[in-house]
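Colleague: Below, each chain spelled out in residue letters.
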Amino acid sequence: MFEYTMEEVGNIVVMQGFSGLSLFSVLLLMALGLAIIFGQMGVINMAHGEFMAVGAYTTVMMSKLAVAYDIVNSYFVFAIIAAFILAFWIGYGVEFLLIRHLYKRPLDTLLATWGLSLVMQQIFRSAFGAKEVSAELPEWLLGSFQPTEGIDIPINGVFVMALALVVTVGVYLYMFRSRAGLRVRATVQNRVMAGAVGINTKQVDRLTFALGCGIAGVAGAAFTTIASTGPTTGSLYIVDSFMVVVFGGAASLMGTIASAFGIAQAQSILQFFMTSSMGKVATLMTIVVILMLKPEGLFASKVRK
Amino acid sequence: MKALSEKLLGSKDSAIGLAVLALLLFVVFPSALDLFRLNLLGKYVTYAFVAVSLVLLWGNGGILSLGQGIFFGLGGYCMAMFLKLEASDPESTKIQSTPGIPDFMDWNQLTALPWFWEPFKSLPLTLILVLLVPVLLAYIIGAAMFKRRVGGVYFSIITQAIALILSILIVGQQGYTGGVNGITDLKTMLGWDIRTDSAKYILYYVNAGLLIVCILLSRYVMSSKFGMLLLAMRDKEERVRFSGYDVAGFKIFIFCFAAMLSAVGGAMFTLQVGFMSPSFVGIVPSIEMVIFAAVGGRMSLIGAVYGTLLVNYGKTVFSETYPELWLFLMGGLFIAVVMFFPDGLAGVYDKYAKKFNISGLICKLFKKPAAHAHDVAEEQA
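Chains A and B are the protein sequences, given in the same order. The opening residue of the first sequence carries number 1 in this note's numbering; numbering runs sequentially from there. The opening residue of the second sequence carries number 1001 in this note's numbering; numbering runs sequentially from there.
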């Protein structure tokens, strides 16, 4: 750390901090979906990373189409929407076929969704090959801008962050400002009573799960702008995303945002100064130790259990 | 004396089940399989230690650890460190720039043996550490989590994160641990060559014998009052707590005990296979070991052994011939076992035996589950 001048250290922190922001955005998008599913429904979805991969592969396929029809500069918005819709409906189906039978057995859900993730990974491998593929990015996403000498900020990072912001606001509005969100929260708080006042709780479960998966799909679309996609891409992020949700305190939107930010920044800055594996170890270790001391997470909702 | 034998062997049915397993392991397999296949089977049997530990921890205790690979790996690494030190005596490593230290340390420009390798120069100390290191780690994790009443899925996720941390750490610290290749080229144990045919046979029998001992020990734990409390904690934790029992203490104990069983399996793995690598520590092996127990029957100690052998046999057969199909099958297995056979093979066997009422004629191979596994979840919900 000592061979750098102060100014260089400053620049490195800004740039690593910024690359941490891209990681933050992807983690946040992943964790939002998970937080909805886990925080609201208590379901562990180990296949969440594969739903992200669904979104990423959808974007890659769309980009191939876009290249064929020469609309590379405008396809991306549609790709995001397609990624959401596809992941949403797959999630809807998975809930119908698998998850709804296991609500009373959370540990078993964990195993079943792990099985699902293996199957999905193999489907990706059979369909798209074992090699990583990447999307053809529109020109306006490439390049970077330099606010000052020595600092280089990539545009795709800014875009991913903006996308994460939009989705977060969307989730907030949906959960806390809409009738549908009210139904979700009512079901979480008291399932029997919610049913008694006429809420179709099973339908709420299914939509919530599907929505979480859909957001993972958007995370996948965002992911294609910063890295290439392979069959096991999703599984690389699943532990991190779970850590974000647990660390932030399940069922707390602010907590999820704060912990995604903290984890991504710590990882990104530490990885520059230590080796990349030690940075990751240090980050995860810190979280585990903090969770052992404070198991309810950073922003626990103050509910007696 | 009779009471003890009953505690160790359980009911008549399960005693016969254990005898059948011992017969298979000691007589049928060694005479039917060639040495290569037997060695492979021995490798699977080491996984069965973990499956047995999960029956105690998960089936009976309702604690799903997704980090049993940690303890399996630590046990294995401890043993591998001893064997590696013996294999790297100054004579056989004289071409290195620092003779007398393991080859991978030399490649990574280490010039002296790190302090934590020192105890592994002696075999008795190593054998103690094989058990002590995993138990100590399990104690720390268990004490931190159970005393704060962290349970259920939180516990699973955190143990999974620890498994990830440990595997990244081992891969990242190449100079100290051998990195992604692990610790390889293990040759002798106190001058006894573990690679010869006769050594392989002996190690296979030691391994099988240890598994039987572990099953007996586990059954002893399960049939004691503690075993009853464990079941009670799984089903109604609050009631046990309000009855004045120290729930956290019991949970820590069973977690440490399970860690110890897994570590024995890991140490035997190293001895039989001749290396240890981080690919047996991380998330994937840890969760695969859960499926071994689930397939065999999460409530049945002996069922878990059959589950392990069966799944691994399937894995070997399929991944040799149709590697693509294997992941589908494995994934399908996870889903099918959870959805349709929560009691695993043991449950299916029980049903079958009851239906045809052959339990009187042929002994039951598997111990009857003490309670239905669905109840686990209700408690956790």
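It is possible that some hints are incorrect.
[Claimed, not checked] Facing chain B, from chain A, some residues (calculated, C-beta under 7 Å):
hint	residue
1	107
2	295
3	299
[Said to hold, decoys possible] Computed cross-link-like contacts, DMTMM-like style, restricted to lysine to aspartate or glutamate with a CA-CA straight-line distance of at most 25 Å:
hint	chain 1	residue 1	chain 2	residue 2
4	A	104	B	1238
5	B	1147	A	139
6	A	294	B	1246
7	A	104	B	1235
8	A	131	B	1320
9	B	1236	A	296
10	A	294	B	1238
11	A	294	B	1185
12	B	1225	B	1197
13	B	1043	B	1246
14	A	64	A	8
15	A	104	B	1324
16	A	131	B	1324
17	A	64	A	152
18	B	1043	B	1235
For the record, the hints were derived by calculation from the structure and aren't laboratory data. C-beta: ideal position from N, C-alpha, C; glycine also.
Colleague: Now tell me, hint by hint, if it's right for this structure.
Modeller: Status of the hints after comparison with the structure:
Among the interface hints, the one on residue 107 of chain A holds; its C-beta lies about 5 Å from the nearest C-beta in chain B, closer than the 7 Å criterion. A cut of 7 Å between beta carbons decides the hint on residue 295 of chain A: the least distance to chain B is about 4 Å, and the hint holds. With a cut of 7 Å, the hint placing residue 299 of chain A at the interface with chain B is violated, because the nearest CB-to-CB distance is about 16 Å. Distance restraint check for residue 104 of chain A and residue 1238 of chain B: the Cα-Cα separation of roughly 18 Å lies within the 25 Å cut-off, and the hinted pair is therefore satisfied.
A hinted pair counts as satisfied when its Cα atoms are at most 25 Å apart, and residue 1147 of chain B with residue 139 of chain A does not qualify at roughly 55 Å. Only pairs whose Cα atoms come within 25 Å are accepted, and residue 294 of chain A paired with residue 1246 of chain B is accepted, the gap being roughly 21 Å. For a cut-off of 25 Å, the pair hint linking residue 104 of chain A to residue 1235 of chain B stands: about 13 Å separates their Cα positions. Using a Cα cut-off of 25 Å, the hinted pair residue 131 of chain A and residue 1320 of chain B holds, with the two alpha carbons roughly 21 Å apart.
Annotation: proposed proximity of residue 1236 of chain B to residue 296 of chain A holds, straight-line Cα distance about 22 Å (limit 25 Å). Distance hint between residue 294 of chain A and residue 1238 of chain B is fulfilled; the C-alpha atoms sit about 21 Å from each other, no more than 25 Å. Pair hint residue 294 of chain A plus residue 1185 of chain B does not hold up; C-alpha atoms about 44 Å apart against a cutoff of 25 Å. Proximity of residue 1225 of chain B to residue 1197 of chain B is assessed by CA-CA distance (about 44 Å); at most 25 Å being required, the pair is judged violated.
Only pairs whose Cα atoms come within 25 Å are accepted, and residue 1043 of chain B paired with residue 1246 of chain B is rejected, the gap being roughly 38 Å. Proposed proximity of residue 64 of chain A and residue 8 of chain A is contradicted: the alpha carbons are some 40 Å apart, above 25 Å. Restraint check: the Cα-Cα separation between residue 104 of chain A and residue 1324 of chain B comes to about 33 Å, which exceeds 25 Å; the hinted pair is violated. Taking the CA atoms of residue 131 of chain A and residue 1324 of chain B, the gap is about 15 Å. The hint holds against a cut of 25 Å.
Between residue 64 of chain A and residue 152 of chain A, the direct Cα distance comes to roughly 29 Å. Violation of the 25 Å bound is thereby established for this hinted pair. A threshold of 25 Å between alpha carbons decides the hint, and for residue 1043 of chain B with residue 1235 of chain B the separation of about 34 Å lies outside it, so the pair is violated.
This entry does not satisfy hints 3, 5, 11, 12, 13, 14, 15, 17 and 18, going by the numbered hints stated previously.
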